[in-house]
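Place chain B on chain A using the hints.
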Amino acid sequence: MLEYCESLNPGQTELNRRSAAMPRAKPKPKVARTLLAKVPTGIQGLDEITGGGLPKGRVTLVCGRAGCGKSLLAMEFLVHGAVQYGEPGVCMNFEETEEKLTANVASLGFDLRDLIKRKKLSVDYVSIDRSQIAETGEYNLEGLFIRLGHAVKTIKAKRVVLDSVEALFSGIADSAILRSELSRLFRWLEDQKLTAIVTGEAGANTLTRHGLEEYVADCVISLDHRVTEQISTRRLRIIKYRGTSHGTDEYPFLIDEDGISVVPITSLVLTHKALTDRVSAGIATLDEMMEGKGFFRGSSVLVTGTAGTGKSSLAANFASAACARGELCLYFTFEESPSQILRNMRSVGLNLEPWVRKRLLHFNAMRPTSTGLEGHLAVIHRLISQLRPSVVVIDPITNLVSISGSYDIKSMLVRLVDFLKMAQITSMFTNLTFAGDPQERTAAAVSSLMDTWIVLRDSKPNGRPRRELYVLKSRGMAHSREVRELIVSERGLELGIVLKDRMQATTAEGIGAVAAVE
Amino acid sequence: MKTGSAKKSVAKKSPARKGPAKTGESDFYRLRLYIAGQTPNSVAAIANLKKICEDKLKGKYRIEVVDLLEKPQLAKGDQIIAIPTLVRRLPPPVKKIIGNLSKTESVIVGLDLQPVR
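Protein chains in written order, with the working numbering: chain A, 5 to 522; chain B, 45 to 161.
Because the hints were derived from the structure by calculation, they are not lab data.
Where hints are given, some of them may not hold.
[To be verified] In the PhoX-like style, the derived pairs of lysine-lysine whose C-alpha atoms are separated by at most 25 Å in a straight line are:
id, chain 1, residue 1, chain 2, residue 2
1, A, K477, A, K414
2, A, K121, B, K115
3, A, K124, B, K120
4, B, K120, A, K160
5, A, K297, A, K277
Next comes chain A alone, as it looks inside the complex (with noise of 0.2 Å):
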């Protein structure tokens, strides 16, 4: 009977795919759509990739090294789902004692103890040792299944974890017997209607120590925790989730003081809606020379300049603009202090502090080496998706690049600014150039993803040290190609005359740039 139903759902599965991919062949997509019920795991960002959860009544394999989270996103697999969908599960903890298990998730702000006591959460720790263990004759492991649905029927719980069932390989000899009751194991949770984790170590060349994927046919997700330079990310990819489509990308994700969360990243089309209606630059010249509109709103911004040439302080016009209109602004600094940036701004006419007061200016101030590209981004990614600001500012870029090669810079930013696009949330970054190589390789590296880019950059004509802006690109407007002086004093930001004397020179080297990467 049970090996009559596991020979079944797979056929039946590959079944229907396979008539969904025949053209022609009576379309039936409802079916084919419905077919898969999911489980939301509460974890912020892999309800998305997954399309919804993990598989309904159907066995889950999180493998992975040591210390990448697999526990952790186990464990807040079954605390979501008994605080948040009303769930109740069951923690079948092979490596780690009820109250050590309490204690650790404890730091992440649940209370397994409550959980506990109101019936909404079973923790049974099973200690193997086997040098208490003599093995005579022939057994069987009906004692996990007892315990097990034992708990179940208890607190009538829809979802369990096994964390990690492989340590019964270290405690029972006979692995022939082993096998044989895991995939009874697992048969019968999935008899139950269980949607069930279960964890596993990483082999050297399988996926798990013992091989456990074998047993597991509809979701296999895999967490890594990986150092280059000097810097950890952590990644979780979708190996195999039969009868659905999933994201197959490396996705990073963070854990912190809330939890795991997960950054979709990439989608895989450009489908953002463009939006026509404009937000100010901050500054009423700028604007002037884009169609005295300014930028599109949802649209990037990328700022260039060498160091002094007053990026920053545009970029505070721009969070000050936004503020002004009474909208949200979340402010990425990676070089200064938000207090730095209060007093700096003060200093050129600018008082941002009313703004903080009122809470429509947030400042989030990190080390770029403080954890990498990936981490930088989930962070983003997380406050974006708390505060929901329509504004954005990342300044500067340049930071991060130092910690990365350029290919990531990329691939992060396509990330960052794929996901702000699709927020319709306008977004600025600033990055420094460097004097002499002015259209520095990263800035032209990232142009090609911005909707404008501004250029900043000193020069000296006749002695005397004057800034200059120029709008080198903006899409989908008639901007303006001069190049103006700005200048800065305690009044604030302001753009001066036309400087008609090297507009040639300067908007020839710039689409040059632009033509050597694009």
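Below, chain B without anything else, positioned relative to chain A:
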């Protein structure tokens, strides 16, 4: 231990009940056998255990049989995974033997039974 009803005292030797006269506490064996229903392995384990005890421990043992189908909550306390499991509760240390106890020699070794002189 927790509830009396689950334990079926299969063999109670009257001289052993109040502690044997000659041998000390350490010589008395308290054994608990966990089964799950009357499966062939469980039936065999009970029979094998009784025989071994009668041969080697006459008068110095007590066997409780716990059927986990009736009392599943007892599985957690003794960390039972496999069925059948025999637990030597006394004398210390606690020892476990899993299987139907068909290999008499390894049961004797596993329980650390001294041959009766």
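Status of each hint after checking the structure:
With a C-alpha separation of about 19 Å, the suggested pair A/K477 and A/K414 falls inside the 25 Å cut-off, and the hint holds. The hinted pair formed by A/K121 and B/K115 meets the criterion: a straight-line CA distance of about 21 Å does not exceed 25 Å. For a cut-off of 25 Å, the pair hint linking A/K124 to B/K120 stands: about 19 Å separates their Cα positions. The straight-line distance between the Cα atoms of B/K120 and A/K160 is roughly 18 Å, inside the 25 Å bound, and the hint therefore holds.
Distance restraint check for A/K297 and A/K277: the Cα-Cα separation of roughly 19 Å lies within the 25 Å cut-off, and the hinted pair is therefore satisfied.
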